[in-house]
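Novice: Okay, here's what each chain looks like letter by letter:
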Amino acid sequence: MKGIIGKKIGMTSVFEPNGKQTACTIIEAGPCVVTQKKTVDTDGYDALQIAYGEAKEKNTAKAQINHFAKANTSPKSIVKELRNCSIDKNVGEDITCEIFTEGEKVSVIGTTKGKGFQGVVKRHGFAGVGGQSHGQHDRSRAPGSIGGSSYPSRVFKGMRMAGRMGGDRVKMPGLRVIKIFPEQNYILVAGSVPGHNGSIVLIQK
Amino acid sequence: MNAVAFVHEQMSGKKEFPKFKAGDNITVNYKIVEGNKERIQSFKGDVIKRQGNGATKTFTVRKISDGIGVERLFPLFSPNIDSIIVHKEGRVRRAKLFYLRERSGKSARIKEKKHVVRH
Chain A
1 MKGIIGKKIG MTSVFEPNGK QTACTIIEAG PCVVTQKKTV DTDGYDALQI AYGEAKEKNT
61 AKAQINHFAK ANTSPKSIVK ELRNCSIDKN VGEDITCEIF TEGEKVSVIG TTKGKGFQGV
121 VKRHGFAGVG GQSHGQHDRS RAPGSIGGSS YPSRVFKGMR MAGRMGGDRV KMPGLRVIKI
181 FPEQNYILVA GSVPGHNGSI VLIQK
Chain B
1 MNAVAFVHEQ MSGKKEFPKF KAGDNITVNY KIVEGNKERI QSFKGDVIKR QGNGATKTFT
61 VRKISDGIGV ERLFPLFSPN IDSIIVHKEG RVRRAKLFYL RERSGKSARI KEKKHVVRH
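Note that the protein sequences, when read in sequence, are chains A and B. Taking this note's numbering, I'd label the letters of the first sequence as residues 1 to 205. Taking this note's numbering, I'd label the letters of the second sequence as residues 1 to 119.
Looking at chain A on its own, in the form it has when it is part of the complex (with noise of 0.2 Å):
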């Protein structure tokens, strides 16, 4: 496994060489640096830690702040571990979105936009009951029966109603990386991904 933490900038659309427009994310990936490589040995397990985007000091605790220094590098707001990783960087090293090739087949991970309490028509994709005319009024995005009545007299755990929607975990796998900036950083990987533009996404393979 490879990855890269990155910021989603927003989305257009570009021509390949084929033609076809495509509809496209820009992602700023990177640069991060690896503050820490966790071994079976000494941790129980394999992982490289890698930090991205900077944070005040002021607004760092000194154990972190500490962390940091011992890879040479100033505080960080974001850090995640990367499981099993296939980067060989030592602690203090970047990670630039150079570890992806154009073409390559990458999944991005993000936090959806959080769509606040929603109904079941719109959480759930339910069609409501009934139709819009003959007299009918106040159900064409009602949830119906949501269960028996004496038998079970309950309804069952997990069924789905109106509630809180967005703000989910979500991973995108299999999009196509199109083009790659080193020098800016950008990724631009086909399709969309989670979350607002700005929010943190993880890149990885």
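Honestly, I wouldn't trust all of these hints.
Unchecked claim - Straight-line distance between alpha carbons at most 20 Å, and here's what the computed EDC-like set of lysine to aspartate or glutamate pairs gives: (1) LYS88(B) with GLU16(B); (2) LYS15(B) with GLU16(A); (3) LYS179(A) with GLU34(B); (4) LYS179(A) with ASP82(B); (5) LYS14(B) with GLU16(A); (6) LYS20(A) with GLU38(B); (7) LYS20(A) with GLU34(B); (8) LYS111(B) with GLU89(B); (9) LYS57(B) with ASP46(A); (10) LYS31(B) with GLU16(A); (11) LYS37(B) with ASP94(A); (12) LYS20(A) with GLU89(B).
What the hints contain is simulated information worked out from the structure, not anything from laboratory work.
Place chain B on chain A using the hints.
Specialist: This is chain B only, laid out in the frame that chain A set:
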């Protein structure tokens, strides 16, 4: 420079087309790939819309084909556009000429812009 503009600049081929706007009568020569053969198809009509910014600009051309209105939307920076020829500049008062869709015959004509030549 913002990231989207930068990507547009890097990814779009630099092509020079004549200036045209809504109301102009143009021909678009468009490359069409059939199997592995490539040929050029031309589409002649009036521009009724120009839209978008950066490398995602598009324009819509409307023509009357056998009495039936046909509209086609082209991405301006599409690599499949071979060339654009401007025949007439139209004298129109708005940027989007959707009112032409409800008209036919004489009332669907667009007046040509006459440039006054001063001697």
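Novice: State for each hint whether it applies.
Specialist: Against the structure, the hints:
no.: 1; hint: LYS88(B) with GLU16(B); in the structure: 19 Å, holds
no.: 2; hint: LYS15(B) with GLU16(A); in the structure: 16 Å, holds
no.: 3; hint: LYS179(A) with GLU34(B); in the structure: 27 Å, violated
no.: 4; hint: LYS179(A) with ASP82(B); in the structure: 25 Å, violated
no.: 5; hint: LYS14(B) with GLU16(A); in the structure: 14 Å, holds
no.: 6; hint: LYS20(A) with GLU38(B); in the structure: 15 Å, holds
no.: 7; hint: LYS20(A) with GLU34(B); in the structure: 14 Å, holds
no.: 8; hint: LYS111(B) with GLU89(B); in the structure: 9 Å, holds
no.: 9; hint: LYS57(B) with ASP46(A); in the structure: 49 Å, violated
no.: 10; hint: LYS31(B) with GLU16(A); in the structure: 15 Å, holds
no.: 11; hint: LYS37(B) with ASP94(A); in the structure: 48 Å, violated
no.: 12; hint: LYS20(A) with GLU89(B); in the structure: 30 Å, violated
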